[in-house]
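*Asks:* One line per chain: the protein sequences are A and B, in this order. The working numbering puts the last residue of the first sequence at 334; the count rises by one with no breaks. The working numbering puts the last residue of the second sequence at 501; the count rises by one with no breaks.
FYI, nobody ran anything at the bench for these hints, they're computed from the structure. As the structure is a prediction and not an experimental result, all values here were calculated from the model. Treat the hints with care, since some could be wrong.
[As the list claims (entries may be wrong)] Examples of chain A residues toward chain B, derived with CB under 8 Å:
no., residue
1, Ala-84
2, Asn-159
3, Asn-164
4, Gly-171
5, Val-184
6, Gly-186
7, Glu-190
8, Ser-328
9, Met-330
10, Pro-331
11, Glu-333
Backbone N, C-alpha and C fix where the C-beta goes; we use that ideal spot for every residue, glycine too.
Chain by chain, the residues run as shown.
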Amino acid sequence: MNASSQFSRRRFTAVVVAMSVAALAGFSAPAMAQSKYPTRPVTIILPFGTGGVSDIAARLISEKLEDSLGQRFLVDNQPGAGGAVATQKAFKGDKEGYTLLNMGNSATIRRTLMPNQKPDQITDFQPISPVAEFGLVVVASPQSGIESVQDLVKKAKANPGKINIGSVAVGSTQHLSSLLFATVAGIKVEIVTYNSTPELMGAVARGEVDVALEIVSGAMSPIKTKQVKLIATTRSKRSPVYPDTPTVEESGVAPFDVSSWNSYVAPKGVPDQVKQKLNAEIQRIIDQPDIREKMLSFGMEPFHGGPDVVSQRIQADVAKWESVIKASGMPIEQ
Amino acid sequence: MDLIANPSLGFSHALEIKNILFCFVGVLLGTAIGVLPGLGPLATISMLLPLTYALDPISSLIMLAGIYYGAQYGGSTAAILVNLPGESSSVVTAIDGYKMAQQGRAGAALAIAALASVFAGTVSTGVVAAFSPILSNVASSFGSTEYFSLMVLGLVAAVILAHGSLLKAICMVLVGLILGCIGVDASSGSYRFTFGFLELSSGLEFVALAMGMFAFADIISTVAEKTGSGPAIHKITSLWPNKKEFDAAAPAAVRGTLIGSVLGVLPGGGAALASFAAYTLEKRVSREPRKFGNGAVEGVAGPEAANNAAAQTSFIPMLTLGLPSNGVMALMMGAMMINNISPGPQVMTTNPDLFWALIASMWVGNVLLVVLNLPMVGLWVKLITIPYKVLYPAILMFCVVGLYSIQNQTFEIYIAAIFGFVGYLLVRMKCEPAPLLLGFILGPMLEENLRRTLQLSRGDPWIFVTHPISAGILLVALALLLVTVLPQIRNKREEVFSEAE
């Protein structure tokens, strides 16, 4: 009897405590929700299909985010229309930080090429965190006899309009970098486009084109097997993947600092606390030795900084590519 | 010595219980998705790609490869029994295979398809192992100039392949070429015929087009013609071909294997082109071309052997050069990269276990496929006894799931619906959709290679004739065209087709 009443009193107390805790929690719900973020699965939308290096990087990072934040981080591949499909889907997502979009350098090019495209990754989204940065490489065909950027420039000046530079799709980072290279070096060349990186590398290996500018990851395997010859890297500082290879600038073509990058952005309206939490986590993860090593193995370097770094980078790249596009006379979609 | 050491290294991995199991899962899935119209190996492999993060690279590649060549087996079953090619590579199998089924030889057609596939699979496994370095050299020497000429040959073949009116076939190829123009123009970056649809900027989705033209259109015409009754079920009197059929099928399977092995290595070639080419070849070498379209055994054995051989040899450029010859190979490359293996010639030296295990597993997989297919043909037949009102909604559902899974978008479903209607109209007008599809596939490659070649030659069109390989291919195309258009032969051809109908 005695025991039983004691028990029920204890139970009563427990219920009261639980209720008041619940009430408290309900009372301060908005604040709690933010500091508790994430309370449900987060979707990272990628504007490309499965299997590429950026996809692999996103999956590596999302796995780590799941471990540290305790929620599912779903990677949602939405390829098509040069990223517009993914952008539209992300734009329709929530604004609480549960929908992230992988934004790349290509958005800064589209800003000029397709100025009226809505929603726009730059104006309709806000940066959350930089993720990865990857330089390009200049490779030459073994048949061309070109051993360095100096050789290339000399040969192009001696034979104006005779050199073929291979590139992937018109309006890609690779294509605009080729245009920029020709302008800065003051040479006249023909830029020949290919459908995909493997096709482009095959064309360089066969000697169909003399040189090509390509993202590191796409050129790593043909460089390793000596099908193509690596002659320079495109950033101002040397590439951590190829520290013994000179940069384009060191080879006398300056100013030339080109790299591609990935950042996570979200539809505007994400609370500051959520933004900071995600930024801090992602920055911590990209510096973890295993992730860093894996990303480096396919030519990606960690891209450090806060959301402001992304904003600055966007501004700088929009300006850079705008001048290249305007000078080249490429068609602009209205 | 390596000739023995390498395959035995491969078999030591491929015959591990775990890997046999993954191989089995792969070929079983492959057969199933091959039978079901709509879900293709591309969709299935991309859906399973995330699995490779958890599995070790050898097991996952063995499984994914099994899906691809397993699908070539399964595709023929649906083509023969219901005239619904499960895969684009089984389109031609449906022509004569379905006719055989209508003549009461469904069992024989299925057995011939399976046996021809096994034969081709076994031979091409040997081809992959023995001729990897040699064959990849052939493909790697092809430049834009040679590819343009190859595409021209492909289009000429598409016209010759068609039944009935030559004019209609040419029109269909041209419609295909126009449809292939949709999307971003590779040379200037501007949008063509997208009508403001962002989804169209990367072009019409092939799977949606093919599924609409074949699966959807076929369902509409069946529903329009018959009411209530189930699909034409053809009694399977014997699973085994008779001696006459076997004698006709055997040399066709050998020819199909040869042509498939060669075409599989060429980028952009692959299983579909191989089966088209093999069918054309069989028609050419046959003493009685009028049998074709009318239940010719060779029309089943040749293409089936060819698509299987091509499915396997298309691994050669991917494994030896790092050049994927088609979408499936691109996904396989992705699976390797997930596991930190960069595809290319070095795979043979840095990961010999993976390279040879994959090749050995193809042979293991072919043996598994015989076990899976021949005794279970009865089971696939049961699938067909399901009445229309159950089967067709189910097929449509699988198609729709498959269409949605291509890009996780409903847009492809609408495209397939539109082309289902268009395809139905074309059937009513006696226009064949196959040349249209080939035009659609080859058109963009033709254009790109043409423009690229002219860019490289600075506008000089003679480059196509001065390059010897290109000139040779163009000559073959011209000869084929002349043979078809010459009045004497043309009359004969039309006679043949009118009798066939």
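*Asks:* Identify whether the interface hint at Glu-190/A stands, where standing means a beta carbon of chain B within less than 8 Å of its own.
*Replies:* Since chain B brings a Cβ to about 6 Å from Glu-190/A, closer than 8 Å, the hint holds.
*Asks:* Quick one, is the Ser-328/A hint okay against chain B at 8 Å, beta carbons?
*Replies:* Violated - the Cβ of Ser-328/A stays beyond 8 Å from chain B, reaching only about 11 Å at its closest.
*Asks:* For the hint on Glu-333/A, just tell me whether its beta-carbon gets within less than 8 Å of chain B.
*Replies:* holds (6 Å)
*Asks:* Using 8 Å as the Cβ threshold, decide whether Asn-159/A counts as touching chain B.
*Replies:* Since the shortest Cβ distance to chain B is 12 Å, the answer is violated.
*Asks:* Restraint: Gly-171/A near chain B, CB-CB cut 8 Å. Satisfied or not?
*Replies:* holds (4 Å)
*Asks:* Taking the least C-beta to C-beta distance, is Met-330/A closer than 8 Å to chain B?
*Replies:* Because about 6 Å separates Met-330/A from the closest Cβ in chain B, which is inside the 8 Å limit, the hint holds.
*Asks:* Hey, does the Gly-186/A contact hint survive, CB to chain B under 8 Å?
*Replies:* violated (21 Å)
*Asks:* Does the CB of Asn-164/A sit less than 8 Å away from some CB of chain B?
*Replies:* holds (6 Å)
*Asks:* Can we keep the Ala-84/A interface hint, with Cβ of chain B closer than 8 Å?
*Replies:* This hint holds: Ala-84/A lies near chain B, its Cβ roughly 5 Å from the closest one there, short of 8 Å.
*Asks:* Hint Pro-331/A vs chain B: min CB-CB distance below 8 Å?
*Replies:* holds (5 Å)
*Asks:* Is the interface hint satisfied for Val-184/A? The criterion is a beta-carbon contact with chain B at less than 8 Å.
*Replies:* Violated - the Cβ of Val-184/A stays beyond 8 Å from chain B, reaching only about 22 Å at its closest.
In the structure shown, a violation is registered for the earlier hints numbered 2, 5, 6 and 8, in ascending order.
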